[in-house]
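Chemist: For the protein sequence lines, the chains are A and B, in the order given.
For what it's worth, the numbering used here labels the leading residue of the first sequence as 1, then goes sequentially.
For what it's worth, the numbering used here labels the leading residue of the second sequence as 1, then goes sequentially.
Check before you lean on any hint, since a few could be wrong.
Unchecked claim - With a cut-off of at most 25 Å between alpha-carbon atoms, the simulated DMTMM-like pairs for lysine to aspartate or glutamate come out as follows:
no., chain 1, residue 1, chain 2, residue 2
1, A, K115, A, E140
2, A, K434, B, E147
3, A, K434, B, E115
4, A, K542, B, E147
5, A, K495, B, D70
What the hints assert, rightly or not - Reference listing, derived: stretches of chain A covered by chain B, where coverage requires no fewer than 3 residues with Cβ under 8 Å from a Cβ of chain B:
no., segment
6, 360-374
7, 530-544
Unchecked claim - Examples of chain A residues lying across from chain B (beta carbon under 8 Å, computed):
no., residue
8, F350
9, L510
10, V514
Quick caveat, the hints were computed from the structure, so don't treat them as lab data.
For glycine and all other residues, C-beta sits at the position ideal for the given N, C-alpha and C.
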Amino acid sequence: MRGSIPKRYLIITFALYICTFIFFLIFNIIQFSPKTVDLYFKTAWVLNNSLLQFFENLIPVQSLAVILTFSVFYPEKKSGFGEISSALFTRLVTSVIAITLCLAALFFVGNELFKPGFYSRLDSFEYQTKASRTYLTQAEEAAGNGNYLESQRLLERYLAIKPDDPTGLERYRNASQRITNQGSVAESENEAGRRPQQASNLTYDDALRLARNYLEIEDYYSAYYYAQMAASLSGSSEDARSITSKAWAALLKSEPSKEDSQEFNLYARKKHGTELLLGSKPIDAYYLFNQLKIDYPEDPDVGKYLAESISATRKLTYFIDEAEKITSFPGTTGICALNINEADHKELLFIGKMVSLAEGTFFQNIEVIDFSPYTGVNMQMTSRFGKLIGDHIVLNGIDRENQSIRIYPEYQSSDAIPDIYNTLKLNVDPNFLKGLSSQNNFYKKLNILELIEFEPVMSGYGWAAKPLYIEIIFRILKPFTFIILTFLILAFSWKYRRFSGKLPVSGLVLFPVVIYITALFSEAYGYAAQLLCSFIVLNYGKTTALGLLLASQSILLFITLFLISSMNLKRPGEIENAEN
Amino acid sequence: MRKSFLLPLKFLVFFIISAAVFCLFSLIFHWGQNFSTAGESNRLLIFLAPTAGNVVLPSVSSALLFTVFDYRKKSIGLVGVLLLTVSVFAVLFFGFRLTASLEDPDNSTNYHPFENGKIHSVNGTLVYTETAGMDSSGKIEGIVIREPGASLPGFRYYEAGRFLKSPEPHLTSEGMKPVSVIPQNPVYNHVFRAPDLFSGYMGDMSFSNLVFIEASRESGINFVLLTAAITAFLMVCLLFKGVTVWPLFEMILILFFHRIIFYLIRLFSSEADFISESFFGGKTVADIPFITISALAVVLLLSGLLLRTSNRLRKK
Numbered sequence: 001m002r003g004s005i006p007k008r009y010l011i012i013t014f015a016l017y018i019c020t021f022i023f024f025l026i027f028n029i030i031q032f033s034p035k036t037v038d039l040y041f042k043t044a045w046v047l048n049n050s051l052l053q054f055f056e057n058l059i060p061v062q063s064l065a066v067i068l069t070f071s072v073f074y075p076e077k078k079s080g081f082g083e084i085s086s087a088l089f090t091r092l093v094t095s096v097i098a099i100t101l102c103l104a105a106l107f108f109v110g111n112e113l114f115k116p117g118f119y120s121r122l123d124s125f126e127y128q129t130k131a132s133r134t135y136l137t138q139a140e141e142a143a144g145n146g147n148y149l150e151s152q153r154l155l156e157r158y159l160a161i162k163p164d165d166p167t168g169l170e171r172y173r174n175a176s177q178r179i180t181n182q183g184s185v186a187e188s189e190n191e192a193g194r195r196p197q198q199a200s201n202l203t204y205d206d207a208l209r210l211a212r213n214y215l216e217i218e219d220y221y222s223a224y225y226y227a228q229m230a231a232s233l234s235g236s237s238e239d240a241r242s243i244t245s246k247a248w249a250a251l252l253k254s255e256p257s258k259e260d261s262q263e264f265n266l267y268a269r270k271k272h273g274t275e276l277l278l279g280s281k282p283i284d285a286y287y288l289f290n291q292l293k294i295d296y297p298e299d300p301d302v303g304k305y306l307a308e309s310i311s312a313t314r315k316l317t318y319f320i321d322e323a324e325k326i327t328s329f330p331g332t333t334g335i336c337a338l339n340i341n342e343a344d345h346k347e348l349l350f351i352g353k354m355v356s357l358a359e360g361t362f363f364q365n366i367e368v369i370d371f372s373p374y375t376g377v378n379m380q381m382t383s384r385f386g387k388l389i390g391d392h393i394v395l396n397g398i399d400r401e402n403q404s405i406r407i408y409p410e411y412q413s414s415d416a417i418p419d420i421y422n423t424l425k426l427n428v429d430p431n432f433l434k435g436l437s438s439q440n441n442f443y444k445k446l447n448i449l450e451l452i453e454f455e456p457v458m459s460g461y462g463w464a465a466k467p468l469y470i471e472i473i474f475r476i477l478k479p480f481t482f483i484i485l486t487f488l489i490l491a492f493s494w495k496y497r498r499f500s501g502k503l504p505v506s507g508l509v510l511f512p513v514v515i516y517i518t519a520l521f522s523e524a525y526g527y528a529a530q531l532l533c534s535f536i537v538l539n540y541g542k543t544t545a546l547g548l549l550l551a552s553q554s555i556l557l558f559i560t561l562f563l564i565s566s567m568n569l570k571r572p573g574e575i576e577n578a579e580n
Numbered sequence: 001m002r003k004s005f006l007l008p009l010k011f012l013v014f015f016i017i018s019a020a021v022f023c024l025f026s027l028i029f030h031w032g033q034n035f036s037t038a039g040e041s042n043r044l045l046i047f048l049a050p051t052a053g054n055v056v057l058p059s060v061s062s063a064l065l066f067t068v069f070d071y072r073k074k075s076i077g078l079v080g081v082l083l084l085t086v087s088v089f090a091v092l093f094f095g096f097r098l099t100a101s102l103e104d105p106d107n108s109t110n111y112h113p114f115e116n117g118k119i120h121s122v123n124g125t126l127v128y129t130e131t132a133g134m135d136s137s138g139k140i141e142g143i144v145i146r147e148p149g150a151s152l153p154g155f156r157y158y159e160a161g162r163f164l165k166s167p168e169p170h171l172t173s174e175g176m177k178p179v180s181v182i183p184q185n186p187v188y189n190h191v192f193r194a195p196d197l198f199s200g201y202m203g204d205m206s207f208s209n210l211v212f213i214e215a216s217r218e219s220g221i222n223f224v225l226l227t228a229a230i231t232a233f234l235m236v237c238l239l240f241k242g243v244t245v246w247p248l249f250e251m252i253l254i255l256f257f258h259r260i261i262f263y264l265i266r267l268f269s270s271e272a273d274f275i276s277e278s279f280f281g282g283k284t285v286a287d288i289p290f291i292t293i294s295a296l297a298v299v300l301l302l303s304g305l306l307l308r309t310s311n312r313l314r315k316k
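Using the sequences and the hints, build the whole thing.
Modeler: Below, the structure written as structure tokens:
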């Protein structure tokens, strides 16, 4: 191989990186099992797992690159190590050190940017496989029992996970066809309801402006509505009251006569709906406008106020079908925290799963136990679903069509039901919820910035903070491990480099042994660093530990640089001969 | 000649350094299994007994490698080899005898797996404890348990319970399904867990060390034969030094042989019944490690000699 040492080092390093990635790619393709991950996700799973394994094994791969560069493929007599001066050799090695430092920086950034995402995605593939298989099985059972509506619903969830799956699409078409044939009332697509709605957070000025605009175009109904809204926002406003009066007068003039019963019926119901909306009863208003939409689909006012009522309803409750959507998605599972953490009053909160969607953050399988450690349980509550609104979890859900279908939280003892029983005050900062999972190794799904953010608050929410702090230290330690190990192996590789001549055939055949021992040695070093770090943190506390560790890494770095600086161009045997 | 006498001294120095390093990390590992923030932390040296036996073999293995590969001359004279062999045998023999006599600290360790007012995840079971069970009875107050996959409601409250160390560490209370606390340090276990490849090596090494320690406690010639066999094996591995043009490769190869022997000792011991019945007409398990080491030593001896002879012939 031609070229200077730094060039060879770079070429060998990147060649090894590519070979390593290809190896893991092939390995994962071969050992992929459709038992845990569906074939639908195979490509993505293989890619993510290969990249993850690549990053996990980057340190031994780097060590191997150093061994090959300095022990095997170093420049020989012709280009002349024997002809290179010590000064030049030192400069070449310095270039290698600089390259290694750059690679260490890339390694650290890559680990923190990409690895957490790989872990999360791999988990999500397993979850989505289980979920999709369950939905398909249940959809088939429902279809077998003649319940095509339920089958269609389950297939919709299945297709949310695998949108272009031909089996799912075909079964969905069949179920829909059956429903049409049976003349069943399919779930009517309430356009306003299906489209995600933005909450109407109008200011006084916005509401007044809209009222004036609608008055000008003689939409007296809307003018009346927004003027009333402006009036309620301002407290007292001459302009708002003026528009309200004008609009009301115009409405009275155009009020249909009672003989024209259908139009009167529509008018009366719309009026009642807006009164409900303005009277802070958005849920009742929603059902009214929802029904009006079915009865009078062409009326523009109905569509507009239906959207308004949905937006207002979402501030107080959630739609059950929106909450049920989260069963199709992976999320943060097994969240557990002390929602109240006082000396004689504790409240443990458990959330089976948390998922953030466009419609908001939803929770599944919520449980709360309120107790005093010395007197026992005060209250225990469960809820199938919940939605985060502000700093509360709203626990009651409503059905989009059927007013009588509701989800309420269940209290285990009727004596202990609090006054406000449909919501739970969340004393845990919602941004920290994903850091409070009880899943094994969930730290791996968080990057170092998130870990640093969570560490100070963990203890207050009921979890020991030291393990998290140790994880932060590990992450900081990794690039040092990368550098120190590389330099150590560089010195060793050079000291025991091959003599000139052909490489032994056994070296090629037994190259996997070289890979294995290098990997074992790298892991051993990394584990030793991990043990030392943990011991220091747990014994001496955070600040002292950080100082001690930085000092220890500096000392080790110094030692390895010293070893490199004392690298000789001649072998030990040649030195002895020269001395003699 | 003088350098030949320095060899065993060098070996001893390297052994002491290696043993100190391995011992330190092994102590930290054992300390970590029993660490908790509740109560007084254990001193490191309490764990010397389970640790000391585990460091003899890896220390001898690494010390021998350092000694031989640091040797500047191409080959070691016969005197040097003999002295080195005697040193290795002596260190192994007395090392295991000494470590076998140390007492296990199980009863004297201060060990509380739970922390005051904290949530713990123990094999998927969520356990909240108000107190850590610091007294000798292991009483813990204010317990809330949630089993993995429990349907709603899953929380169970218990006014008090106990953490008991035997027969296996577990948390128990009246009306409660005992919660097994294995691994025994749920809060810090993952912090002290070894990576996969290295944990396999640790497991094999621990098993092999245990074989030697148990043999050293028995009377009879078994321990002497076992020590002699492993000494012969370690020395025979050194035949591979100088057989190629790449010294680092030779070092790696010898390390690989050291790795393999511990793996094979564990593998064949676990299949002892099958091997005994099939090949040795029902001989006892204790013979399996000796046979394994001796067989591999013979194979390496023949391979090493063959390689050296063919090298010599090629040079001529």
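Chemist: All hints are to be evaluated individually against the structure, with a verdict given for each.
Modeler: These are the hints, each one checked on the structure:
{"no.": "1", "hint": "A:K115 <-> A:E140", "verdict": "violated, 38 Å"}
{"no.": "2", "hint": "A:K434 <-> B:E147", "verdict": "holds, 20 Å"}
{"no.": "3", "hint": "A:K434 <-> B:E115", "verdict": "holds, 22 Å"}
{"no.": "4", "hint": "A:K542 <-> B:E147", "verdict": "violated, 33 Å"}
{"no.": "5", "hint": "A:K495 <-> B:D70", "verdict": "holds, 10 Å"}
{"no.": "6", "hint": "360-374", "verdict": "holds (count 6)"}
{"no.": "7", "hint": "530-544", "verdict": "holds (count 7)"}
{"no.": "8", "hint": "F350", "verdict": "holds, 6 Å"}
{"no.": "9", "hint": "L510", "verdict": "holds, 7 Å"}
{"no.": "10", "hint": "V514", "verdict": "holds, 5 Å"}
Hints 1, 4 from the list above are not met by this structure, while the remaining hints are.
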